[in-house]
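Let chain A serve as the given structure and place chain B with the ligands on it in line with the hints.
Protein chains in written order, with our numbering: chain A, 37 to 331; chain B, 65 to 347.
These are computed hints drawn from the structure, not numbers from a lab.
Ideal Cβ positions, reconstructed from N, Cα and C, are used throughout, including at glycine.
Chain B stretches covered by chain A per the calculated footprint, using a threshold of three residues with CB under 8 Å from any CB of chain A:
1) 128-141
2) 155-167
3) 181-189
Below, each chain spelled out in residue letters.
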Amino acid sequence: MTGSPVESVSGRRSEPPRGMALFAYRAGRMVRTTGPYLTVLGIGAWLLLWWLFSEVWYLPRFEKMPGPVAVLSDLFARDPFQGISIFTDEYYEHIWVSCRRILFAFCIATGVGVPLGLCMGWSVQFRHYTFPILETLRPIPILAWVPLSILMFRGFEAPVIFLATLASLFVTTLNTMLGVQSIDESYFRAAGCLGSNRWQIFRHVVVPGALPFIFTGLQISIGVAWFSLVAAEMVSGDWGLGYLIVDAYMNNVTVPMVIGMITLGFVGWGTSVLVRIAGNRMMQWRTRALALEGR
Amino acid sequence: MSTAEMSTTARTGAISIRNVTKIYDPEGVNVLAVDDCSLEIGAGEVCMIVGPSGCGKTTLLNAIAGFHSLTFGEIRLDGEVLCDERRPLASQGADRVVVFQNGALFPWKTLGDNVAYGPMVQGTLSKAEAREKARHMLAEAGLGDVAEKYPGEVSSGMARRAEIVRALINDPKVLLLDEPYRAMDALTKSIMHEALLEMYDRTKVTIFFITHDLEEAIFLGDRAVVMTTRPCRVKTIVNVDIPRPRDYHLLSSEEFRVLVEEAKDAVHEEALKAFEAGERELA
Ligand SMILES: Nc1ncnc2c1ncn2[C@@H]1O[C@H](COP(=O)(O)OP(=O)(O)O)[C@@H](O)[C@H]1O
Ligand SMILES: [Mg+2]
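In isolation and in its complexed conformation, chain A is listed as follows:
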């Protein structure tokens, strides 16, 4: 802990840093740890391999793949050779359409799945009614739902959102249910002997107790939502990153295809970070306890 900023110049322990000082402290600590450098190094090595395989050695199977130089120079070109770059409006339209669909799907899936899972975990009777149905529907791959969703809904928007919702709904529901079941019996007993009625136990024990599992589930579920959204957009769509990828493929322009894939990766990562941040905010009790354990 040498040179840590909590030690003031006089050598006495001072107040912990706040505001800007705290930010500076965190930034300083980040610069000093090896983590970020390793990340940069890892990405660099990966780009290098990609470049060598596709643009230097033209290895078999890689000769049709656009290399990093081709992709990046198009991505950052004001006037992209193959139509898509960060300066074209279409690029943002594709991202926005996909994000909007994810937002709808994720909100519906969470809004339905969390209450459903809470009830399933809490009431044995309700679980007996619903669990077999969930377990039967869950293994059906989302692509198998595509024909049905096109029959059920009109237009491009609704079937795509339906498919993304369905996939994440199962994950959210199951995780929430397991979350309730993971709650230690003694919390229910404590709440009972402190005079809670059933609703108060639900509100003060079941919901917060299941929250860690719920947020683990939500992180998986947003990933699954992207996964099935893109699959759906590839089958039926007019806009969206999934559509961008197939459309490029159909038109034999490979660079936008790869741009679509990379963008998808980053946007998906970003959304799951958002979910994680929301989770940490809502579970201060857990974040703080984990921080004390150095995690």
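Frame of chain A, contents of chain B with the ligands only:
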């Protein structure tokens, strides 16, 4: 202190356990945990229950608290039937609050909110009043500085003390403690003991306290009730006629040693039987 002497004062919280039998029946294999056990606990008494692991102490506590049913017999609180053969499961209520062996403060609430929980859900106080009272009571127990912290952020000793405050804020008739200091080191334990005695001297609530630790039993209790190994019954009762308030100097006194020895002889015999029977302890 006899039960008769207690009942002359206006105190409440007398428990009478009459011919209680509990048979667990998992998959048709009957486990006789408590067999025809009777015990009278006076109002305001500190009754220490001592016995080998797996003898059925927790089973008895769970029946009083209403966590599970009993098979035969009845339990009364101040003469009113909590549970009997017709209604084998007592209703859970804030007149009998439990402090659990592994601690059951809600990890998602601050210590202050944990303590305020009882009065808040019962509706005896408004949320703000409950918070205020909780802060006050925590400060009284020396926990004023950590009221805004979560249980995961404080030591186990502090958490356990806060849990007792969470129980006492409801003004219960009986405090039920199930080996609350089991996992603690001797030094922390002695601090916890003094804090508990200090709270007891203020509230004079009836205490039903399960323990393994004979010194703890004699130091804290008015009586130490030694239980037989499973099936659980009262083996002997050691009366502790040591005046209160007590402090840790008592631990080295002659009369204390004599009482511990007396209890030890009784417990040792049962512990040996339990060991030979291979009793498995449940948390
Ligand atoms: N839910 C249960 N089902 C079956 N047997 C149980 C159950 N709970 C406790 N027992 C048995 O009852 C006996 C007494 O248990 P318990 O009351 O927990 O003992 P103690 O608290 O004195 O250590 C033990 O032999 C235990 O195995
Ligand atoms: Mg026990």
